[in-house]
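As they're listed, the protein sequences go chains W and F. Counted from 1, the first sequence has number 44 at position 44 by this note's numbering; the numbering is strictly sequential. Counted from 1, the second sequence has number 216 at position 216 by this note's numbering; the numbering is strictly sequential.
These are calculated hints, taken from the structure and not from any lab test. If you're wondering where the values come from, they're calculated on a predicted model, not measured in any experiment. C-beta: ideal position from N, C-alpha, C; glycine also. Possibly wrong hints are sitting among the right ones.
[What the hints assert, rightly or not] Every beta carbon over 10 angstroms from chain W, so not counted as near; a handful from chain F, in silico:
{"no.": "1", "residue": "Gly58"}
{"no.": "2", "residue": "Leu71"}
{"no.": "3", "residue": "Glu73"}
{"no.": "4", "residue": "Arg103"}
{"no.": "5", "residue": "Ala108"}
{"no.": "6", "residue": "Gly136"}
{"no.": "7", "residue": "Arg169"}
{"no.": "8", "residue": "Ala216"}
{"no.": "9", "residue": "Gly235"}
{"no.": "10", "residue": "Val244"}
{"no.": "11", "residue": "Val333"}
{"no.": "12", "residue": "Gly340"}
{"no.": "13", "residue": "Asp344"}
[To be verified] Listed next, the stretches of chain W that the computed footprint assigns to chain F, with coverage defined by at least 3 CB atoms under 8 angstroms from CB atoms of chain F:
{"no.": "14", "region": "29-43"}
{"no.": "15", "region": "120-134"}
[To be verified] Example chain F residues on the side facing chain W (calculated, C-beta under 7 angstroms, incomplete):
{"no.": "16", "residue": "Pro72"}
{"no.": "17", "residue": "Ser83"}
{"no.": "18", "residue": "Phe307"}
{"no.": "19", "residue": "Gly309"}
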Amino acid sequence: MRIATPLLAVFRTLVYVFLLAPILVVVLASLNAGNFLTFPPQGLSLRWFWTFLNNDIFLNAIAYSATLAACATAVSLVLGTMASLYFTRHAGKHAEAVRIGVLLPLILPEILTAIALLFFFYEIGVGTEHKIALFTGHVLMTLPFIFLNVNTSLQGRDDSIELAARTLGASRYTAFRRVTLPLIAPGLSTGAVFAFIISFDTFGISFILKGTGSAPLPIQLFDYLRFNFTPEAAAVSTVSILMTLVLVVAADLLFGRRD
Amino acid sequence: MTEVSLRSLQKLYGKTAALKAISLDVTHGEFVSLLGPSGCGKSTTLKCIAGFEDITDGRICFDNKDISRKLPEDRDIGMVFQSYALFPHMTVTQNLAFGLEMRRVPKADIARRVASAMEMVQLTPYADRYPKALSGGQQQRVALARALVIEPAILLLDEPLANLDAKLRDEMRGFIRDLQKRVGITTIYVTHDQNEAMTMSDRVVVMFDGEIAQAAAPEDVYNRPASERVARFVGNANILDLPVAGADAQGTTVTLPGGTPLHIAPCAAPARAGAPDRLRVMARPEQITLTGPGLGQLPGRIEKRYFSGGHVEYTVATECGALFVTGPTTQHVSEGDTVGLSFDPARLWPLPDPAPERAQ
Ligand SMILES: Nc1ncnc2c1ncn2[C@@H]1O[C@H](COP(=O)(O)OP(=O)(O)OP(=O)(O)O)[C@@H](O)[C@H]1O
Ligand SMILES: [Mg+2]
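Let's have the full structure, built from the sequences with the hints guiding it.
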């Protein structure tokens with residue numbers, strides 16, 4: 001069955017509009033010259049961006065979220081790659097257990113993972129004060145994305161490639177660095193971008209585990225919107241959308257699939 | 001001089017024994033094939049020698065030094081894998097240079113040795129190609145050159161020709177054999193193709209179920225198999241179960257169904273404990289000659305005739321069961337014809353009793 005090309009084009013456009021319209025609304029709202037977060041905007045201006053750039057609370061929140069996302073991604077890269085190497089090279093109960101364990105936070109509602117972690121960290125007497133709970137939560141949330149992407153890179157790869165490197169005189173570590181790592185680099189970079197964005201955006205985990213003191217951006221925005229309804233919130237959102245976009249484009253340019 | 005020595009090598013995977021205490025000595029410069037059906041433990045043997053698998057018991061010695069506990073990178077082996085296992089992100093040159101870099105060979109020497117290895121396998125025009133831009137046969141040659149450029153003490157090959165088409169396989173077979181003779185490297189070659197093992201090797205090691213059934217020169221494995229199972233695995237075998245008329249120091253006399261006696265030379269095969277009055281005798285298809293009706297030692301009728309280019313294959317119904325016979329294309333015999341079969345007693349091979357094999 002063939003769908004008429006013009007009809008398909010219309011359908012495609014509608015899908016894009018549906019997906020992108022909310023983002024466009026936020027971006028337009030951030031250019032609002034008025035005092036309230038409304039759509040359509042009352043006049044165009046960059047004044048709310050200026051306000052935001054002079055607001056330490058938001059700047060700190062962005063820096064905090066970016067640091068948290070970077071650290072969580074780094075730890076997930078290591079753990080996720082290890083889990084993936086184990087899973088793709090072994091069969092049976094243990095490998096399956098690793099897979100389910102790693103993917104569970106993706107399958108369970110985020111709030112459940114958060115509450116479970118909250119109980120756990122209070123139970124062992126650590127609580128949420130030291131940010132360890134928050135950090136653990138972010139690692140758990142980002143791990144599946146590294147794991148799945150590295151799995152994709154490894155699947156269909158020949159196990160004997162690394163063995164060949166060994167017979168040629170490479171130690172286990174050198175063989176991994178010179179042979180396996182370049183082969184999974186596309187999976188690692190895609191996974192890292194996903195992981196960073198997930199950590200940067202996630203709300204439930206951060207909301208429950210943040211403890212006192214500085215908070216990640218989504219929490220800060222939420223707090224702000226409860227008492228103020230100005231276009232500054234839209235400006236903050238626009239900036240974080242731009243950051244995400246830059247990250248995706250940069251990763252694609254740097255590590256995009258060449259084969 | 002013994003280069004590789006496997007001493008009661010045993011490998012268990014959980015409770016299943018992949019190798020049951022095998023022993024094998026490979027001498028310097030020898031080309032040995034491990035031949036056997038799927039799952040008999042050929043690859044496992046190679047993996048143990050390469051150091052990819054921990055051995056359960058026994059020892060592996062190179063030059064009389066126990067290397068059972070050494071890591072693969074310290075064993076000085078070159079290995080060619082069935083899948084070639086080339087590094088996909090490196091060019092042919094980089095693939096060949098890898099092993100030399102690992103050995104910290106100076107840059108200038110690397111370039112020289114890579115160039116000469118590339119010439120050896122006739123790949124110089126492809127130096128800067130990536131593996132995926134090469135044909136199967138070319139990839140195979142890169143894999144071979146990559147294993148040899150480091151000048152290892154031992155070359156291991158695991159079914160290197162299994163992924164090639166028939167014509168290329170024949171070509172590569174000669175190529176590998178010539179190269180091995182030229183370099184003079186001790187080689188262990190795994191295959192489940194008896195033709196490959198026969199044509200390439202100095203010695204064929206036939207394996208079944210994690211055990212060595214026979215290790216001997218190709219002619220011996222073919223003409224003097226150690227057991228019925230080896231006889232049937234290596235080429236086509238007609239097995240005749242014949243009554244014994246008498247035995248002395250010069251051999252055994254058996255009687256064919258028509259009463260014709262056949263004198264079989266004595267052999268190392270142990271006498272049959274269970275039924276000393278019968279002997280199982282092997283005749284290869286080309287060792288039986290088709291003659292006219294009434295001639296030869298055994299009458300038969302042609303059941304099937306297959307023309308296969310160089311020769312003709314027949315299935316002949318006889319009182320000893322269906323026999324597989326090959327003959328020249330100049331002979332004019334058709335299906336349904338009555339013929340006589342003639343045996344050369346000197347080339348009939350008595351087999352040991354298969355009973356102990358079945359008991360396992
Ligand atoms: N990693 C493993 N875990 C468990 N059993 C294994 C493992 N590797 C091999 N085996 C078993 O050991 C036996 C020998 O395997 P091996 O790979 O050596 O066979 P092979 O002779 O190379 O066969 P093929 O011609 O099919 O490659 C088989 O029964 C196989 O199932
Ligand atoms: Mg195998």
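Outcome of the hint check:
1. Gly58: At about 21 angstroms from chain W, glycine 58 (chain F) clears the 10 angstroms cut-off, so the statement holds.
2. Leu71: 8 angstroms, violated
3. Glu73: 5 angstroms, violated
4. Arg103: 5 angstroms, violated
5. Ala108: Nearest chain W Cβ is 19 angstroms from alanine 108 (chain F), so the label holds.
6. Gly136: 14 angstroms, holds
7. Arg169: 20 angstroms, holds
8. Ala216: At about 29 angstroms from chain W, alanine 216 (chain F) clears the 10 angstroms cut-off, so the statement holds.
9. Gly235: 31 angstroms, holds
10. Val244: 52 angstroms, holds
11. Val333: 50 angstroms, holds
12. Gly340: Given that every Cβ of chain W is farther than 10 angstroms from that of glycine 340 (chain F), nearest at about 54 angstroms, it holds.
13. Asp344: 47 angstroms, holds
14. 29-43: Violated - the region 29-43 of chain W has 0 residues with a Cβ nearer than 8 angstroms to chain F, which falls short of three.
15. 120-134: n = 0 at 8 angstroms, threshold three: violated.
16. Pro72: 4 angstroms, holds
17. Ser83: 5 angstroms, holds
18. Phe307: Violated - the Cβ of phenylalanine 307 (chain F) stays beyond 7 angstroms from chain W, reaching only about 42 angstroms at its closest.
19. Gly309: Constraint on glycine 309 (chain F) not satisfied, violated at 37 angstroms.
The structure is inconsistent with the numbered hints 2, 3, 4, 14, 15, 18 and 19, although it conforms to all the rest.
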